[in-house]
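Protein chains: 2
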Amino acid sequence: MATMKDVAKLAGVGVGTVSRVINKNESVKESTRLKVEKAIKELNYTPNEIARTLKISQSKTIALILPTIWHPFFSELAYYTEENVSKRGFKMILCNSSSKKEKEIEYLDMLKQNKVDGIIAITYNDIDRYVSSNLPIVSIDRHFSEGVAYVTSDNYNGGKLAVNKLIENGCKKIAFMGTHNERNTDVDNRRKGFEEESISKNIEYKIFDEIETGQDLEDKMEKFLRQNINIDGIFTINDFFGLRVIKILEKLNKKIPKDIKFIGYDGVKMSYEQDFIMSTIRQPVEQMAKEAVEMLFKMIEGDYTSKKVKLPVYYIKGDTTIV
Amino acid sequence: MATMKDVAKLAGVGVGTVSRVINKNESVKESTRLKVEKAIKELNYTPNEIARTLKISQSKTIALILPTIWHPFFSELAYYTEENVSKRGFKMILCNSSSKKEKEIEYLDMLKQNKVDGIIAITYNDIDRYVSSNLPIVSIDRHFSEGVAYVTSDNYNGGKLAVNKLIENGCKKIAFMGTHNERNTDVDNRRKGFEEESISKNIEYKIFDEIETGQDLEDKMEKFLRQNINIDGIFTINDFFGLRVIKILEKLNKKIPKDIKFIGYDGVKMSYEQDFIMSTIRQPVEQMAKEAVEMLFKMIEGDYTSKKVKLPVYYIKGDTTIV
Chain Z
1 MATMKDVAKL AGVGVGTVSR VINKNESVKE STRLKVEKAI KELNYTPNEI ARTLKISQSK
61 TIALILPTIW HPFFSELAYY TEENVSKRGF KMILCNSSSK KEKEIEYLDM LKQNKVDGII
121 AITYNDIDRY VSSNLPIVSI DRHFSEGVAY VTSDNYNGGK LAVNKLIENG CKKIAFMGTH
181 NERNTDVDNR RKGFEEESIS KNIEYKIFDE IETGQDLEDK MEKFLRQNIN IDGIFTINDF
241 FGLRVIKILE KLNKKIPKDI KFIGYDGVKM SYEQDFIMST IRQPVEQMAK EAVEMLFKMI
301 EGDYTSKKVK LPVYYIKGDT TIV
Chain G
1 MATMKDVAKL AGVGVGTVSR VINKNESVKE STRLKVEKAI KELNYTPNEI ARTLKISQSK
61 TIALILPTIW HPFFSELAYY TEENVSKRGF KMILCNSSSK KEKEIEYLDM LKQNKVDGII
121 AITYNDIDRY VSSNLPIVSI DRHFSEGVAY VTSDNYNGGK LAVNKLIENG CKKIAFMGTH
181 NERNTDVDNR RKGFEEESIS KNIEYKIFDE IETGQDLEDK MEKFLRQNIN IDGIFTINDF
241 FGLRVIKILE KLNKKIPKDI KFIGYDGVKM SYEQDFIMST IRQPVEQMAK EAVEMLFKMI
301 EGDYTSKKVK LPVYYIKGDT TIV
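Protein chains in written order, with this note's numbering: chain Z, 1 to 323; chain G, 1 to 323.
Hints are computed from structural coordinates only; laboratory data are not their basis. Incorrect hints may appear among the rest.
One copy or two, either will do: identical chains are not told apart, so a pair holds if it fits within one copy or between any two.
What the hints assert, rightly or not - When the alpha-carbon atoms are kept at most 30 Å apart in a straight line, the in silico DSS-like pairs for lysine-lysine are as follows: (1) K100 with K307; (2) K103 with K60; (3) K220 with K173; (4) K172 with K5; (5) K290 with K100; (6) K317 with K255; (7) K41 with K220.
The model shown is predicted, which means the values in this text are computed figures rather than measured ones.
Based on the sequences and whatever the hints tell you, model everything.
See below:
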């Protein structure tokens, strides 16, 4: 019996394209669609056969690639990812990439060899050329090239929300503080939302935004804070960067939330039972994991239609703001 | 060609026993050893054949079973376990058991069916009867029935160390506070070490030790602290329980470390880069993961000789003690 690969070969297209034609994905060019349909007819192929073939190839395993599991944001994400994967009778392989490109590529190879059925990845490496849109891969936080599916939180509106919450807390002069990766990622929109909302609300603001791998960051942060000593509200790129800023503020004898209101991003907690470590813009981690797994399983079943999910964030009042 | 199973069948023993005979493990009874050797001879079997057979059955995957990955102690352990497993060219499946027995048993079944090559588990369930000593399983923290291998930190000496550190900090009346599981686990030795060292050093001490699943724990803790208001040093069963005690102490207007010195157990950090959350008796997590993986791979290769590792703990001075 012919396989889906035979259809792809006869039509001169990729397996993903065949799957998209079967799933009536409108992104397929008309001429391509006709070629695939012709091949399906010639080989006497039916979608049921294809589904069966797909099922046989299943390792019933997906891989989750994270920079490190030893971080509460990633461990929460892993917790909920495993929960959703497990509900479907699948297992989850965990990979700490330590941001090493080679380790990520190794898993992509496993996927191509059907040793895993799909990948959910948080990666900040430039591995776009290893990733094709025909593979079941869902990216979280950043996106790869256009073709790759992703789930992200609404970073832009998160930045805007932070400005409005600082204003509600009575702040008059605010700052964004953070670092960025060499590559553009969706995370950059946190700063963008912050800046545009500050302009729109006509509040004075300062920006500290250094490259992540930069030298003497702590010194630069302290210098920035000393030069802008009358800042009364700070939004940081994430909670952990916030902890670094708070240490410097302690050194400068600034009291939080008395002298300075403080809002982070992520909404990390050490565990389910613990408190949030600061006031924060919370990413809906549980829902992000759920959406990523759902999207991935659709792809595993051959449906490559839904590709982009942006989930709303919300404000959590912790100990570092008044309201 | 005969398999290792055939040898086991002919000798009327388990596969693990055959492997122990081949590896010259002295724990095998003389009469059993003779039966196995006879079967090996009859089937014309050689250890090399066995090694080859074992290798073919390898899924190159091990499973790590944790109550939850969303906890810094477990995520650190998972981080180092994956690192060590990955060095050997294996993958690590992560399972959040949520302390559910069924999920743990599901993985034991996978092991029996060779879908995974070994299991490292932190479990507090009564699953001893599902576990046999012939399977590559390493338990961390608690132990199963006698036959199962384990890696643990030196809980008893950890309890003793805490007493001595509180004394060094000038404490005159100290308390152990914690909860325990219905089943005895090695963790109980933290309290035992604390009590025996307090007696030996002739320091006044109190014990708060409730069953984990008990009701109104916070009320009971507060009552205990109010009744023993002159306590000036506390050791808790773990850091997270310590956080609960600290909240109550804040309510009682007790300052740490001024009024009360405080030592936890575990040594959790939110991530590699963060600080320890309190003064603590640190479990050597990195080394525990390394030992557990080493022991597991020896078993996977058929060597069931080394079964018990107890690793030394050490004191970390955090913000909740003076020295």
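Against the earlier hints, flag every one the structure doesn't satisfy and list their numbers going up.
4 and 7
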